[in-house]
Amino acid sequence: MLTAVDHVQLAAPPDSEDRLRAYYADVLGMTEIPKPPVLAARGGCWFAAGPVQLHLGVEDDFRPARKAHPGLRVTGIAAYAQRLEGRGAKVVWDENLPGHRRFYSEDPVGNRLEFLEPIDADAAAPER
Numbered sequence: 001m002l003t004a005v006d007h008v009q010l011a012a013p014p015d016s017e018d019r020l021r022a023y024y025a026d027v028l029g030m031t032e033i034p035k036p037p038v039l040a041a042r043g044g045c046w047f048a049a050g051p052v053q054l055h056l057g058v059e060d061d062f063r064p065a066r067k068a069h070p071g072l073r074v075t076g077i078a079a080y081a082q083r084l085e086g087r088g089a090k091v092v093w094d095e096n097l098p099g100h101r102r103f104y105s106e107d108p109v110g111n112r113l114e115f116l117e118p119i120d121a122d123a124a125a126p127e128r
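So for the sequence shown, my numbering puts the first residue at 1; every next one is plus one.
These aren't lab readings, by the way, just hints derived from the structure by calculation. It is possible that some hints are incorrect.
In silico DSS-like links for lysine-lysine, alpha-carbon gap of 30 Å or less [as the list claims (entries may be wrong)]: (1) Lys35 <-> Lys90; (2) Lys90 <-> Lys67; (3) Lys35 <-> Lys67.
Estimated spans, in silico, between C-beta atoms of each pair [as the list claims (entries may be wrong)]: (4) Gly86 <-> Arg19: 23 to 33 Å; (5) Ala40 <-> Pro118: 17 to 27 Å; (6) Ile119 <-> Asp60: 36 to 46 Å.
Remember, it's a predicted structure, so these values are computed and weren't measured experimentally. A virtual CB, placed ideally from N, CA and C, is assigned to each residue, including glycine.
Throw the hints in and build the complete structure from the sequences for me.
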């Protein structure tokens with residue numbers, strides 16, 4: 001029986017770790033977590049925010065995920081979007097998921113990321 005998603009892995013090109021660290025740690029506010037030494041030798045980097053983990057692995061023939069993406073739940077989505085924009089990340093709002101506020105962004109190597117927050121039916125949606 002499945003009980004949870006342990007992590008999501010995205011691909012990245014060789015030698016992109018510094019750009020990934022700048023985005024996932026500085027822009028998104030995640031914490032880099034150490035990779036086991038045998039895996040660290042392959043390159044890439046791992047990040048966590050609470051129970052959420054994103055692993056970025058090096059792929060020599062890298063192509064960014066344009067359609068496939070992790071959906072990352074956030075709180076205070078308007079403020080979080082402002083954080084990303086204030087740090088130079090592109091934010092594209094999408095109103096097509098009923099019951100949620102959401103936007104898309106891309107990491108520095110072009111992987112698509114979705115950020116979403118359920119709308120509390122008893123409260124007005126926060127201003128953007």
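Item to check | Structure versus earlier hints, numbers of those that do not hold, lowest first | outcome: Numbers 4, 5, in rising order.
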